[in-house]
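Engineer: Sequence:
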Amino acid sequence: MYSSERLILFDADGTTVDAFAAIDLAFARHGMEIGDLERFQKRRKLFKYLGGIKEFPGNLKKQFGKHTRKQLLGTLTDIYRDEASLYPGMAALLRELIATPGLRVGLVTRNVTHEPTQTLRRLFARHDVDLTALDFVACLALSDDKRHPFRMARERFGINPARSYACGDEFSDFSAAVAAGMHPFIAAYGFEDHERLTKKFDVPEELISRTPAEICARVRNALDLASTGKD
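402 is the number of the first residue of the sequence shown in the numbering used here; add one for each residue after it.
Since the hints were made in silico from the structure, they are not lab data. You may find that some hints are simply not true.
[As the list claims (entries may be wrong)] Ranges between beta-carbon positions, derived for each pair: (1) M402 with H549: 22 to 28 Å; (2) L426 with G582: 22 to 28 Å; (3) R523 with R430: 17 to 23 Å; (4) S404 with R430: 44 to 50 Å.
[What the hints assert, rightly or not] Simulated pairs of lysine to any residue, SDA-like, Cα-Cα distance not exceeding 25 Å: (5) K601 with L624; (6) K443 with R511; (7) K443 with K601; (8) K601 with E484.
A virtual CB, placed ideally from N, CA and C, is assigned to each residue, including glycine.
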């Protein structure tokens with residue numbers, strides 16, 4: 402027997418957190434360039450952090466070796482904790498969702514920083530969002546499939562698949578949500594752009610939001626929330 406509650410799960414990087422700006426800043430502090438967002442979004446995962454044709458030679462040389470990669474990851478962690486930002490409107494949406502009766506709210510992320518739970522807790526706290534108030538938090542390895550924690554969260558609270566939602570910014574988020582029986586909200590402003598999502602992966606146009614404001618509005622509409630709260 403299903404609960405009468407609803408469930409919504411969020412991705413962090415590229416959906417709620419402006420990860421590209423943080424990555425760009427980390428690279429700059431190590432004398433590297435990641436390139437612009439438009440080109441970054443079109444790259445395959447393997448090449449996202451090596452830059453494009455222009456940036457690739459210099460980045461590859463500087464990233465060669467475990468010590469350099471460790472330093473870069475440490476810098477990225479510090480930036481996330483002390484400087485990175487949520488996308489406009491996301492903090493207000495999350496605070497509203499957390500306060501909504503009968504709604505379970507969670508975070509499922511492949512964030513690569515050191516101690517990602519602590520990192521994200523500090524980042525979100527700077528935006529007045531308490532991650533300890535969430536019902537479900539899962540920090541995964543880059544190779545992990547999200548369908549398993551998605552299904553785990555839904556089953557833990559006995560949520561009807563028809564009353565469960567997942568928000569992400571990559572095709573893998575879309576496919577994991579569908580596989581777990583959840584409705585996907587997909588952002589085209591994060592790690593993959595609108596063209597890549599629709600043309601390469603056939604993600605339905607109707608499920609894609611081009612801006613943070615649009616995905617916030619879609620979530621509120623789906624959950625019958627009238628507020629248009631601002632940060």
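Engineer: Taking 17 to 23 Å as the hint, is the beta-carbon distance of R523 and R430 inside that range?
Structural biologist: 19 Å, holds
Engineer: With a cut-off of 25 Å on the C-alpha distance, tell me whether K601 and E484 pass.
Structural biologist: With a Cα-Cα distance of about 34 Å, the restraint between K601 and E484 is violated, given a limit of 25 Å.
Engineer: Quick one, are K443 and K601 close enough, alpha carbons at most 25 Å?
Structural biologist: 10 Å, holds
Engineer: Does the beta carbon distance between M402 and H549 stay inside 22 to 28 Å, or does it fall outside?
Structural biologist: 23 Å Cβ-Cβ, so the 22 to 28 Å window holds.
Engineer: Quickly compare the C-alpha distance for K443 and R511 to 25 Å and report which way the hint goes.
Structural biologist: Roughly 19 Å separates the two Cα atoms, so the pair holds.
Engineer: Sort out whether L624 lies within 25 Å of K601, counting only the CA atoms.
Structural biologist: Roughly 30 Å separates the two Cα atoms, so the pair is violated.
Engineer: I want to verify a distance hint. Is the separation of the beta carbons of L426 and G582 within 22 to 28 Å?
Structural biologist: At 38 Å between Cβs, range violated.
Engineer: Is 44 to 50 Å a correct range for the gap between the Cβ atoms of S404 and R430?
Structural biologist: The hinted range 44 to 50 Å holds for S404 and R430, with Cβ atoms some 47 Å apart.
Hint violations for this structure: numbers 2, 5, 8, all remaining hints satisfied.
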